[in-house]
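**Student:** Required output: the full structure, derived from the provided sequences and hints.
So the sequence lines, in the order shown, correspond to chains A and B. Just so we're aligned, residue 1 is where the first sequence starts under the working numbering, counting upward by one. Just so we're aligned, residue 1001 is where the second sequence starts under the working numbering, counting upward by one.
Heads up, some of the hints might be wrong.
To be verified - Pairwise CB distance ranges (calculated): (1) B:K1364 / A:L44: 55 to 65 angstroms; (2) B:K1380 / A:P67: 52 to 62 angstroms; (3) A:T211 / B:V1197: 23 to 33 angstroms; (4) A:D199 / B:K1044: 47 to 57 angstroms.
In case anyone wonders, no lab produced these hints; they're calculated from the structure. Beta carbons: idealized from backbone N, C-alpha and C, even for Gly.
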Amino acid sequence: MATQFTRMLAGRNTAVMLASLGAGTLATGYLFSDSTAAAERRMLYPPSADFPDLRKHNNCMAASLTPAIYARLRDKATPSSWTLDQCIQTGVDNPGHPFIKTVGMVAGDEETYEVFSEIFDPVIKDRHHGYDPRTMKHPTDLDSSKITSGVFDERYVLSSRVRTGRSIRGLSLPPACSRAERREVERVAVMALSGLQGDLAGRYYSLGEMTEREQQQLIDEHFLFDKPVSPLLTSAGMARDWPDARGIWHNNQKNFLIWINEEDHTRIISMEKGGNMKRVFERFCRGLKQVEQLIQERGWEFMWNERLGYILTCPSNLGTGLRAGVHVRLPNLSKDPRFSKILENLRLQKRGTGGVDTAATGDTFDISNNDRLGKSEVELVQLVVDGVNYLIDCEKRLERGQDIKIPSPIAQFRR
Amino acid sequence: MAKNCHNDYKMKFSGDEEYPDLSLHNNHMAKVLTRDIYQKLRGKSTPSGFTLDDIIQTGVDNPGHPFIMTVGCVAGDEESYEVFKDLLDPIISDRHGGYKPTDKHKTDLNFENLKGGDDLDPNYVLSSRVRTGRSIKGFTLPPHNSRGERRTIQKLSIEALATLSGEFKGKYYPLDGMTDAEQDQLINDHFLFDKPVSPLLTCAGMARDWPDARGIWHNESKTFLVWVNEEDHLRVISMQQGGNMKEVFRRFCTGLLKIEETFKKHNHGFMWNEHLGYVLTCPSNLGTGLRGGVHVKLPKLSTHAKFEEILTRLRLQKRGTGGVDTASVGGVFDISNADRLGSSEVDQVQLVVDGVKLMVAMEKKLEKSESIDDMIPAQK
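**Tutor:** So this is what it looks like as structure tokens:
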């Protein structure tokens, strides 16, 4: 309906305009309207009454949130009324694990990172190995032609994959979005994807409407995502209204895949069997650029700024939001006591082949970049390419009975 | 908590755009919530900021079960039942046997009005229990309350319970402060409640900040137990082995009234009104919020063709001995009142007492291979 669309347009334009004005405009945030009920409640319950008990907690939020910061931020809100308590709920509800340090907070919209920067900035610094949003700039580079030596030995590398996320500016993020907003994200994304052609042409499968046969097909291909069960996500409100406005899009060749309204507005995945990471990344960049162009034609854009790069729900995915990785066989190297140190110096991480928090099966590992923020997409993919080539070289040496060396550590940020 | 500004932000979308997809749903909320009602109520908010979307979220997220009809909505505060009456009144009517918006609910916690109940055969009736919930006036409810409110509720509860004496003298165990030994003991006594895992509750926001300000209080003889800040502000339970329901109910009423006195002294009485009785988080617990029941051995009667009908006529329901949604083990059933709203505490416990007495008599007849046809009761 025209009226509703105009209203939608107005809302989006306002948000886009506000966002482009930069951090300063929104840094002060919006204080709750001073109705009597609100003022009374604030008197009855000063911030100290509401400060969470974080004594048993081990996450980035708990490490940085002091009573003083909480007191200054508790009564603020973003323009769409997202509050600090809502940001931190997941971290309060999930104390964490002695060995795994989770982030413990999420954003409800783009402005969250400005209005609550007093807590988000230290958390970002903690999670992203010292990246300081107050002083540093994040580089974006999606020129895949710059990648060198990006084709791996397929006797070792079984598959290659690059993923990232993108948020649509002007619409709230998964923890906060209403059903209407979520449906709008779906509409915008699906409309853009339907404009892809050639090797990128594909189709959309709505989670709520797919047939049983389609569902089984997507499961067999390992494409189907299910309702989140992790309390890290459910406590953040990301599973609300499931499966409304959630879906999967993939191209006919099944090597370019988009998840809609799961943990982020969109998750974009490029992948294929074998070791041609260069081609995977080329398709990734091409697809991303085309999708961006298609949404821009209709007046939309992705959330991005030069301080934090691409804005996503979880602070851990800021910057590039990029995880580039391979499934690689390393039977000898994985048994070498120097394996972990080599990975660490190469700024790589290992996971089991089931993804995060799984164990490796046999000698095959998921190896990917550790960093997300402070280095560009090209830099991170090149880092993975160089690193995996190094690992394969080590593997070959050990096969031949030769010795290997721990490489010197790679520099943290470009300076 | 201020007026719900986020709701104002959502108003820029149309009601149609926001209306939930309930096509696969089977719960009371989905049956009642039309687009018109959604449109009418979506702009409203209680003074503490609870909105229609907050009320229905659990019902949207949990489509339900083809055989079990859940309620699908919760209240965030006392005012929810007033501000959103256009949705909640029909749901209450549907759930509570046609209860009308103009009906009045009777409260009767005078245990002396209960007839009998002290002679249920302990060879059949293994244990007796009465539970209810109470909400403290002036605070929002578990789906909505802040940490500050929840902590104040705990503080007031501890104070109130500490004034109890005699048979009610007891101790409070905060969930986040108990020793391992205390925890083991509470588990062995079957007293310890754990963080809710049911999505019906978690989707309604009731597990937030767990275990902050949650705890269990019980008296020394372990026959009177209070849960603080679980699904309701307070859940009060009186129980013991054997069939003396009269004694269980006496202790229940006496303890409840003592606790209420203390809360009133602090100007925080219980939420109650003459239409809905005691106001609790889930509409299914309005009225008395009372579930009075026994664990009773009915191996023969439970396999009789007319068992379900007998229960319906007696206004009773059966559950397994693990509680709601569990199966019976060894012919032992949990039998309790089905009603909550529209009849008093005494009425409901009377139904349990009379009904169980009758069913035990039927069981004995069936043991002797005699017919029970002339014992089948009329609809109560």
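**Student:** Output the indices of the hints that this structure fails to meet, ascending.
**Tutor:** Every hint satisfied by this model.
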